[in-house]
Amino acid sequence: MSFFSVFEQYQTMDIENVIGHMNQQAVLRRLNKNTLSIDDFAALISPSALPFLEQIAQKSHDITRRNFGNTIHLFTPMYLSNYCNNRCLYCGFNHDTQIKRYQMSLDEIDNEAKVIASTGLKHILILTGDAPKKASISYLKSCCDVLKRYFSSISIEIYALDKKGYENLIQSGVDGLTIYQETYNTDLYDKLHPAGPKKNFQFRMDAPQCAAEAGMRAITIGTLLGLDNWRKDIFFTALHASWLENHYPETEISIALPRIRPYYGCYQPEHRVTDQDMVQMMIAIRLFLPRCGITISTRENESFRNNILKLGVTKISAGSSTAVGGHSLSSVQHNQFEISDTRSVEQMVTFLETNNIQPVFKDWERF
Amino acid sequence: MIPMLEDSFEIGGKKLSSRLFIGTGKYASDSMIPDVCNSTGACVITVALRRVDFNAITDNVMQHIPSHMQLMPNTSGARTADEAIRIARLARATGCGNWIKIEVITDNKYLLPDGYQTAKATEILTKEGFAVFPYINPDLYVARDLVNAGAVAIMPLGAPIGTNRGIRTEEMINILIDDIDLPIIVDAGIGKPSHACQAMEAGADACLVNTAIATSENPVLMGKAFADAIRAGRNAFLAKAGGTRQFASASSPLTGFIRNHEGLS
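Those protein sequence lines, which keep their order, are chains D and G.
Using the working numbering, you'd call the opening residue of the first sequence number 86 and step up by one each time.
Using the working numbering, you'd call the opening residue of the second sequence number 13 and step up by one each time.
If you're looking for bench data, these hints aren't it; they were derived computationally from the structure.
C-beta atoms are modelled at their ideal positions from N, C-alpha and C, and glycine is treated no differently.
Any given hint could turn out to be false.
List of simulated lysine-lysine pairs, BS3-like, C-alpha gap at most 30 Å [what the hints assert, rightly or not]:
(1) Lys-204/G / Lys-395/D
(2) Lys-121/G / Lys-248/D
(3) Lys-144/D / Lys-204/G
(4) Lys-144/D / Lys-132/G
(5) Lys-118/D / Lys-121/G
(6) Lys-204/G / Lys-118/D
(7) Lys-249/D / Lys-121/G
(8) Lys-233/D / Lys-121/G
(9) Lys-248/D / Lys-204/G
(10) Lys-395/D / Lys-121/G
(11) Lys-144/D / Lys-236/G
(12) Lys-395/D / Lys-236/G
Facing chain G, from chain D, some residues (calculated, C-beta under 8 Å) [to be verified]:
(13) Lys-118
(14) Asn-152
(15) Gly-154
(16) Thr-156
(17) Lys-207
(18) Glu-335
(19) Glu-337
(20) Arg-376
(21) Glu-438
(22) Ile-442
(23) Lys-447
(24) Trp-449
(25) Glu-450
Here chain D is said to cover these stretches of chain G; the calculated rule only asks that three of the stretch's residues, wherever they fall, bring their Cβ under 8 Å from a Cβ of chain D [unchecked claim]:
(26) 36 to 46
(27) 52 to 64
(28) 169 to 178
Let's have the full structure, built from the sequences with the hints guiding it.
If you want it as structure tokens, here you go:
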């Protein structure tokens, strides 16, 4: 059984309407429950839950502190290649965008790794576009051989693979996968991905479970917030995460909450996602999935990131660049999207420590 | 003058002056650790090896552990016996000694330990000379397997890790206390000093407390409170509390007139 069949059942329901018609009594009933169902989650992300935001936030803070302590995990992305066969309308690395294409050599990766590792970071997230012939599995395996010398954990954010593909990379030292469904709205997904391998909605949806079956230690899923009504997309994200937690209990499941940012092609998102919306979804996820990791990237601005750290977040990126070789290459590359919080790792660490939060650099030991 | 009973606590070849074991995770800053060691008077401290970076250029938890503390590295993050074994060997190779707390957790949702994998790892590591402290669900059969595998203590959970819900598994822990001839160290779920006191009163040999101390508003003071509670619970256990009764014991009993007579005046 795959999550896709569960998704298909829910798709027949008008989720937006169900969430929209939750009343305050329905929210109140859920506030004191210890274990929440997906229906309870729907109530917490409804507009009727807004008057109770502070109460939910306090509960979210308590649950997070009990499960994760006063700590935040730090990581940073490393862009290896921006070649891409997809034509995702919202992405700066879209095949049709006129940008300089580049893929780092192993020597360049070694230099980039050195620069990043000198900040103390031990967890790295490597990214490529969707161009398997260029950024091939064998290229990625060679990259891992280099990166293993510097980092105790390597996660990937690359094109979707099948179980065998993930097994192959796990053997080379990869232990984490980040993959975004972008949106759970199938019609919209079809429009946003007019061509390229990513157009296959179900293949992408199956990727996290293929990775879990392959033995991936940690899997992060999410949507690109702003593409569709966030309440609907977050409902399905949480449903998906919960399904993965229940079916692959040995895997650490996280949800990332990226809000769409401007990029070189200037895609205009149709749906606004406010700071209040971000807070509501984050604290509702914490109550529904107490053990789930929650990641916030440097897409968010400094002030917002500072304020949400105690609400339920467990992982943040720092010292980020979204350009290939952004930490070490002298030639200027195009960014996938604009980052908003430009603080260095050191500045982030100082901020966390000043606010009684311990920055965690290392949380896994590779053998 | 209160007569004190001899109450030494020796485990893994070490004589310990405290029955409170503490952890290193979840603190807002590792720099609090020395003060917590001090306020608790603890002698044993557990550390997740996956968090230790021996080549760190940044702050490192090991720098904050006072040298008099007995290190008990743990295998947090291990999903199989094999991973736990490799972490244990790495711990010893990096100079963390031969004490190892085995944590094998294959369920990230509830973080409950896997008894079978734990027993497998224990059997192999004890043969390699480790002093093994396995963390388990309080299950008599698993505990017996661990005794046979050579564990030096059994560490049953009071409630799932990080829940602070107290000794929810009381009846099962009591069975281990009664039947297992190894020290019982209650670990996980202890949220308040009264929970630790309850475990010690019941006859547990020690408690390991991390979340409740590390995530309190004042870890140093909370550490002291736990140390006091554990001492109180232990003393109560040694003092052998009076038995509890279901009915009141009346001071003027209705049946007090009965004598062993045969109705003859």
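Measure nothing beyond the straight line between the CA atoms of Lys-248/D and Lys-204/G; if it is 30 Å or shorter, mark the hint as holding. Given that 30 Å is the threshold and the Cα spacing comes to 45 Å, the pair is violated.
30 Å Cα cutoff - pair Lys-144/D, Lys-204/G: holds (19 Å)
Check whether the Cα positions of Lys-204/G and Lys-395/D lie no farther apart than 30 Å. This hinted pair holds, its Cα atoms lying about 23 Å apart.
Tell me if Glu-438/D is really an interface residue toward chain G, meaning its C-beta lies closer than 8 Å to one of theirs. Holds, because the Cβ-Cβ distance from Glu-438/D to chain G comes to roughly 6 Å (cut-off 8 Å).
Is the shortest C-beta separation between Lys-118/D and chain G less than 8 Å? Violated - the Cβ of Lys-118/D stays beyond 8 Å from chain G, reaching only about 15 Å at its closest.
Go through the hint on Glu-337/D and say holds or violated, using the shortest Cβ distance to chain G against 8 Å. holds (5 Å)
Within 30 Å, alpha carbon to alpha carbon, are Lys-144/D and Lys-236/G? holds (27 Å)
Tell me if the straight-line CA distance from Lys-204/G to Lys-118/D falls inside 30 Å. With a Cα-Cα distance of about 22 Å, the restraint between Lys-204/G and Lys-118/D holds, given a limit of 30 Å.
Hold the hint about Gly-154/D up to the distance rule: shortest CB distance to chain G must be less than 8 Å. holds (2 Å)
Please check whether Lys-447/D passes as an interface residue: C-beta within 8 Å of a C-beta belonging to chain G. holds (4 Å)
Hint status (Cβ of Trp-449/D to nearest Cβ of chain G, threshold 8 Å): holds (5 Å)
Does Glu-335/D hold up as a contact with chain G if the rule is Cβ-Cβ below 8 Å? holds (5 Å)
Hint compliance for this structure: hints 4, 9, 13 are not met, and every other hint is.
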